[in-house]
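Residue numbers (my numbering), protein chains in the order written: chain W, 1 to 116; chain A, 1 to 382.
Keep in mind that a hint or two might mislead.
A few chain A residues that don't get close to chain W, going by computed Cβ distances all over 10 angstroms [what the hints assert, rightly or not]:
id: 1; residue: 29
id: 2; residue: 31
id: 3; residue: 61
id: 4; residue: 91
To give a feel for the contact side, a few chain A residues facing chain W, derived at Cβ under 10 angstroms [as the list claims (entries may be wrong)]:
id: 5; residue: 9
id: 6; residue: 53
id: 7; residue: 57
id: 8; residue: 58
id: 9; residue: 211
id: 10; residue: 224
id: 11; residue: 267
Have a look at the derived ranges for each label pair, beta carbon to beta carbon [to be verified]:
id: 12; chain 1: A; residue 1: 24; chain 2: W; residue 2: 96; range: 31 to 41 angstroms
id: 13; chain 1: A; residue 1: 24; chain 2: W; residue 2: 37; range: 46 to 56 angstroms
id: 14; chain 1: A; residue 1: 314; chain 2: W; residue 2: 6; range: 19 to 29 angstroms
id: 15; chain 1: W; residue 1: 22; chain 2: A; residue 2: 146; range: 16 to 26 angstroms
id: 16; chain 1: W; residue 1: 44; chain 2: A; residue 2: 138; range: 56 to 66 angstroms
Keep in mind the hints are simulated off the structure, nothing from the lab. Glycine included, each C-beta is placed from N, C-alpha and C at the ideal position.
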Amino acid sequence: MAHPTSLGQFEQLVLTAILSLGDNAYGVTIHAEVEALSGQRKTALGAVYATLDRMEDKGLVRSWLSDPTPERGGRAKRHFRLEEAGRRALRDSAQTARRICDAVERCWGEKTWQTI
Amino acid sequence: MADDLRNGRPPAPLSALFRLLIPPPAREAVLGDLEERYRSPIQYASEGIQTMPYLIASRARRTSSIAIVGLQTFVLIACLGVTLPDLPGQSVPSWAQGGIPAAAALLALALRAVYRGDETPVKSGLLDAVAAAVAMLLSQGVLAALVSAGQIGADWMLPRGLYLLGVFALPALWIVGAAEGRHGARPAAAPAEAVVQDYLRFARSVTARNRAEMIALGLIVAGSAAILLRFNPPMAPIAWPFLALFVAILAFLALRGWAPPIPAGADLAPLRTHFSRELARQNGLRGFMWWFWFGPLFVGLVANLILLGIRMDQPLRIAIGAAALALLAGFIARANRDRGRAVRDRIAALSAAGEAASARASLRRCSGRPAREFRALHHVRL
Chain W
1 MAHPTSLGQF EQLVLTAILS LGDNAYGVTI HAEVEALSGQ RKTALGAVYA TLDRMEDKGL
61 VRSWLSDPTP ERGGRAKRHF RLEEAGRRAL RDSAQTARRI CDAVERCWGE KTWQTI
Chain A
1 MADDLRNGRP PAPLSALFRL LIPPPAREAV LGDLEERYRS PIQYASEGIQ TMPYLIASRA
61 RRTSSIAIVG LQTFVLIACL GVTLPDLPGQ SVPSWAQGGI PAAAALLALA LRAVYRGDET
121 PVKSGLLDAV AAAVAMLLSQ GVLAALVSAG QIGADWMLPR GLYLLGVFAL PALWIVGAAE
181 GRHGARPAAA PAEAVVQDYL RFARSVTARN RAEMIALGLI VAGSAAILLR FNPPMAPIAW
241 PFLALFVAIL AFLALRGWAP PIPAGADLAP LRTHFSRELA RQNGLRGFMW WFWFGPLFVG
301 LVANLILLGI RMDQPLRIAI GAAALALLAG FIARANRDRG RAVRDRIAAL SAAGEAASAR
361 ASLRRCSGRP AREFRALHHV RL
C-alpha cells in the first residue's frame, strides 16, 4: 500500500471538519468547523476553498453539487466527502499528533494541557 | 438596493460583480456560500473581495500547465523580438520593447485560463490568440498615450517592423492552445456504448485540431513566402528549405493527420484496439508536431543569442541562449510527457472496459446523434 499523503496543519483541519460534518460538509459549514477546530482563529473562506481544491486534485476528497436551495438564492451547494486516501492521510496525521501529545506529556506532565 | 437590504439579501449589483469575477466552475457554489453568510453589504463585499484572490489562484493552478505557459512565453519572446540585438543609439533595449507586450499577452492568457468556460480545444486556442492580440494592442495603446503625454520616449513602443513578426504569434498561440491543455485529457468511459461515442468525440477533436494546424501552417507558409519574395532577406537561403518542409508537413497532415474510420462491422474488441492504436498514433504525431512547430524557434535562438554572442564576444548572451535552448526543449519534452501520460491512462481505461459487450450491442443501445453519425461515418453493420 502506498504511503499516505502527508498533510499540512490546515489540510488536517479541513479534513477533520469534513469528517465530523458528514453529509453536511460544504463551504460554509466546513469554514465554520475549521474556525472552531482552530480555536476560533479567524480563517479566510477563500483559504478553505483553495485547500479543498488542492485536496480534491490529490484525490483526498471528492466534491459534487447538490440541488439548489432557496436560502442561498437558489444556488447549489458544493458538498465534500473524504476519499479512502483522505482517510488514510488523516489517520496518519492523527497518529503523529497523538505521538507528539504523548511525548509532550512525558516531558511536561499531564497538567500541561490545562495551561494551554 | 433598499429592497435587498429589507429582504436580507446581498445587493444585486455586488452579486452581479462577484458573478462576473468568480471563475465559472466555482461560481454557483461560492455565490451561494457568500449569500448564506450574508449579514450586511459591507461584510458581503469584504468577504467576497477577500475570497477572490484565493479562487483565482486556485483556478490558475488547476488550469495552467508549466509546459504550455513556457511554450506560450517562447512564442511571444520570439515573435516580439525580445532576443534581438539592440541597434546603435537605441535608448530602450529590445527585451524591454518586446517584453511589455509579451507580459501583457501572458497576463491575458493566464486570465483566459482562469475564466475559460466549457470550450472545444480549437475554439479555446482561437480565443487565446485573440485575447493575447488584444492585450498586446492594449499595451501598445497605453504606451502610445504615455508617449503623447510626454511621460516616456517613443522608443518604448514596439518597432513597426516587429508588428509583422508579432502577427505570426497568433497562429502559433492558437495551435498551442488548441493542441494541448488539461481539457484534452478526457478519460475513456468504461461502458461499451460510451467507447463508441468517445471515439467519435476523439475523431471530431482530431479533425478540428488538424484543420486548425493546417490553416495555421497555410497562413505561415503564405505569409513567409510573401515576405521572402517581396524583400529577399539575407536569411532567404535558409528560409526556403524550411518553407518546403512546412509544405511537406502540410501535405502529411492533409493525408494522414485524420483519425481513420473504424473498420466496417467492428465488434467491441477490434473497436478498442483501433481506438488505442489511433490514440497512440496521434500521440506520436503530436510529439513530432511540437518539435516541428518550435524548430524555427530553436534556429532563431541559436542565431540571435548564441551565434551573435560569439560574434560580439558576449558570454552572457551565449549563456542565456544555451539556457533558453535547454528550457525550450524541456518545455516541449514536458508537454509531450504530460500528454503521453494522459494517453496511456486513456488506453488503460479502454483496456479495462468490459469485454463482454460487443460493439453491435452497444450501438443498438446507443441512441441519438452520435450513433447515427457513427453509423454514417464508419459504415458499421447492424
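Hint check:
1. 29: Residue 29(A) not clear of chain W: closest Cβ-Cβ about 4 angstroms, inside 10 angstroms.
2. 31: violated (6 angstroms)
3. 61: Given a closest Cβ separation of 8 angstroms, the condition is violated.
4. 91: holds (44 angstroms)
5. 9: holds (7 angstroms)
6. 53: holds (7 angstroms)
7. 57: Hint on residue 57(A): holds, closest Cβ of chain W at ~7 angstroms, below 10 angstroms.
8. 58: With Cβ-Cβ at 4 angstroms, under 10 angstroms, it holds.
9. 211: violated (33 angstroms)
10. 224: violated (42 angstroms)
11. 267: For residue 267(A), the interface hint is violated, since the closest Cβ of chain W sits about 34 angstroms away, which is over 10 angstroms.
12. 24(A) / 96(W): 31 to 41 angstroms: holds (38 angstroms)
13. 24(A) / 37(W): 46 to 56 angstroms: Distance hint for residue 24(A), residue 37(W) is violated at roughly 31 angstroms.
14. 314(A) / 6(W): 19 to 29 angstroms: 47 angstroms Cβ-Cβ, so the 19 to 29 angstroms window is violated.
15. 22(W) / 146(A): 16 to 26 angstroms: For residue 146(A) against residue 22(W), whose Cβ atoms are near 58 angstroms apart, the range 16 to 26 angstroms is violated.
16. 44(W) / 138(A): 56 to 66 angstroms: Violated: the Cβ-Cβ distance is about 32 angstroms, outside 56 to 66 angstroms.
Against the hints set out earlier in the document, violations occur for numbers 1, 2, 3, 9, 10, 11, 13, 14, 15 and 16.
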